[in-house]
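In our numbering, the protein residues as written are 2 to 968.
A couple of the hints might just be wrong.
Derived DSBU-like pairs (lysine-lysine); straight-line CA-CA distance at most 30 Å [said to hold, decoys possible]: (1) Lys452 / Lys434; (2) Lys55 / Lys164; (3) Lys434 / Lys164; (4) Lys161 / Lys69; (5) Lys69 / Lys55; (6) Lys711 / Lys434; (7) Lys55 / Lys161.
Cβ pair distances, simulated, as ranges [claimed, not checked]: (8) Asp721 / Gln940: 23 to 33 Å; (9) Asp721 / His791: 30 to 40 Å; (10) Arg269 / Pro62: 42 to 52 Å.
For the record, the hints were derived by calculation from the structure and aren't laboratory data.
By construction, the Cβ of each residue, glycine as well, lies at the ideal position given by its N, Cα and C atoms.
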Amino acid sequence: MQPSPEQSPHHAYPDHWEADVVLRDGGTARIRPITTDDADRLVSFYEQVSDESKYYRFFAPYPRLSAKDVHRFTHHDYVDRVGLAVTVGGEFIATVRYDRINEQGRPASAPADEAEVAFLVQDAHQGRGVASALLEHIAAVARERGIRRFAAEVLPANNKMIKVFRDAGYTQQRSFEDGSVHLTLDLEPTAESLAVQRAREHRAEARSVQRLLAPGSVAVIGAGRTPGGVGRTVLRNLLSAGFTGRTYAVNSAFAADQATIDGVPAHRSLGEIGEPVDLAVVAVPADRVPEAVADCGEHGVQGLVVLSAGYAEWGAEGRERQRELVRQARSYGMRIIGPNAFGIINNSESVRLNASLAPERPASGRIGLFTQSGAIGIALLSGLYRRGAGLSTFISAGNRADISGNDFLQYWYEDPDTDVALLYLESLGNPRKFTRLARRIAAVKPVVVVKGARHSGSTPPGHAVPVSRIPDATVSALMRQAGVIRVDTVTEMVDAGLLLADQPLPAGGRVAILGNSESLGLLTYDACLAEGLRPRPPVDLTTAATPQDFRDALAEALADDGCDAVVVTAIPWVGENGEAESGDGEVLATALHAAAAAGPAKPVAVVHVEIGGLAEALAAATSTVAQQRPGQASPGRPAGTPPGSGPAGAAAPDAPAPGAADAGAAAPDAPAPRAVGRIPAYPAAERAVRALAEAVRYAQWRRQAAAPGKVPEFLDDTIDEPAAAALIDTLLGPDPDPRGRPLEHDEARELLACYGITVRPTLPAPGPDEAVAAAARLGYPVALKTTAPHLRHRADLGGVRLDLAGESALRRAYGELTDLLGKPAELRPVVQSMAPRGVDTVVRAAIDPAAGAVLSFGLAGAPSELLGDTAHRLVPATDRDAAELIRSIRAAPVLFGWRGSAPVDTAALEELLLRVSRLVDDHPEVVSIALEPVVVATQGLTVLGASVRFSPPPARTDLGPRRLSNY
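Please model the complete structure; the sequences and the hints are all you need to start from.
Structure (structure tokens):
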């Protein structure tokens, strides 16, 4: 909404204040500045507000707005007077306004930093969280305009508005004056206000997804008149799944007298239905979608699944069509899955929704699956079905122009039917938010991610996301820091998901291996070592082992306190005639289920080679054979909740098959058996062990996340943040270059010193005499180094001479350096006093526009660079992050006494990492820091080189008010 020409001369229309937000009930609304063109909307809005709400706003009966009022409330300078409106369907549903005031409460201009604020919300929309969202946005606007406090007068009976201010989390003061409550809010964000904001975001976004996945009614727009086609297929799938709500078919081409199609009511438009429709599945050509969306919006549809193609995946014209689709849907308060989506599935028995192109609703289970690709979605559904896995929900979001994986993480966090979240992602629209949400859900439920388009360097068609400069290896490290299980293929994702959904988390990495094949056991043993697990020697039951032998061996392994997980390996039994015996798979599965039910809660995985029926039998949960013992918990579920949710009748056979030796019967003196879910089966040892290793690493992360790290308090005593801020302001100047600038050596040393980081000084040596003078000033022994960009940190090219003990050695080294590499003016030599011997390392921090600030660590030198042996953590880093950072590189043993060398001072290194993290976190103008090399000795460390770059601080969208991604 652009203003008319007569709009305020002070400031142009601030279009960056426009935002789409999700409200408490899951609907959307648009927040934007009020302009002079809004007079009629304002009057119409005010007429729909109750007399009581008007009284609360103006403290007196105020039935209508005068012309003067309308002019005042629609004319703003966007600095001292600002008004925002919340709109749905283009009409106002709420307004907020602030007026800058001085200490006497009169209208003022800057530098006055206080403003009076007032809200008005239409009665029909009260209780939707509208005022809370408006407060976030008007506070952000005020901070941008130099306002630090809001003052508000509220009648004591206006409890709803008082609660909005009280619950916002800002520092505030309250007093009772002249019959009203006087509130003063400090607008500086606090930890509490940020927590409140994110909690509201979570509830609203989770609710918006829940409205899509559990509708009371569904209309398929574009259901064809004849069998076949996308719309008719979705209609058929809805019916075959047994959707518990009402279903309608909508097609403008239906004959006027056509009452039903496939047994459901047929209508030519939504308006003919005459009842509310919660969800619309849109399956019409792209050029007809706007008409369908308008019809949905005008009749109160809550959400859309747009299967239609022809959007951003088709180029520039399609991208604009996609933007307009999102604009149109959000203007009516609707959210979208798609376009170019495959559909959604909800297996809850109370819903049974299959609004997708999948021909069969998958089995019910504990896995939530999100994919951005329809083709990958089909493959994953097929793979999970073949392996007997069940889903709670499935979403294929296509171009994910609106609803994304972040929204479903919000939903799955509290969904009681989902224990594991699997996501196939081709892009990360909001990496900071993704890692924040993933960390929270991973603390209670495993999150397994496959990231497509890792190395293409381009965004998949249809995905509008911020550009990120960080490499994929860094993305992977940051995901793991957030507790995300990052795997490389969809097969690995299914493998890990199966084990995590139905097996308890391992307490450690000690693995027992047992089976009837020595060779398969050895392969499993090797795979465990390769994955960093601690396998015990395989137990060979020999090829003559019976199912009872397997049961006994598994029970013994599970009961062993020195074992955290068990891998069972099995090959077919061969009879006397040389052929595999039939029925062995079902019998063995019964034996393994029985042993697992009777033993302690430890994960069990099975590796089998062509044993017919084994995988299928293991996939059948046996929840009716036992009851879980108190105190035992499965991944992501509290103790006492049965893992897995197989069919109600899935139980062990009434009688064991011949030869089973009563494998399914519990011993009379055995402890009470527990509920057992599906036991995952794998066709290769490497796949089973890799899934188990992911579970071990995830369980370790969960244990550590239960007691998160912290920033040591001693840092505060040695950090001068105000001095650093003043220096940054001075160096950037009043009109900083938006491209930023690097700091000179002395400038960088001064800034780092404010954070307790000492950089060993260097003195320029443009000639041999100057080098000798510098050495005399610094004291021998010294190092002579080139600082030319093409030679910096390249000792392998001969640009560094160390341990020069006297003048003659220094002059000789200077001559050798210039003879070998070039003239002094090209080499830019410097002299530096020698540091104690140690291990050369590199510490870096950089701001990525998409992911945020990243702290990195590695050993100095070409081998580490070639191997990519660098570890990464998000800023701000805790003491635990710093400790893990230096231990997670492959060359870490060099720091801890490798091959008889003395261990270095890793505590000093951890402290340095924390100081760099604090510097970058405190001052967003510092966009990159590189300390190289950092020589870590047995006691202490020395920073020999430092480079710092400044730039105007990038916008922190993760700290601003709630808003949906721009389209």
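Requested in this report: Go through the numbered hints given earlier and state which of them the structure violates, listing their numbers in rising order.
Outcome: none
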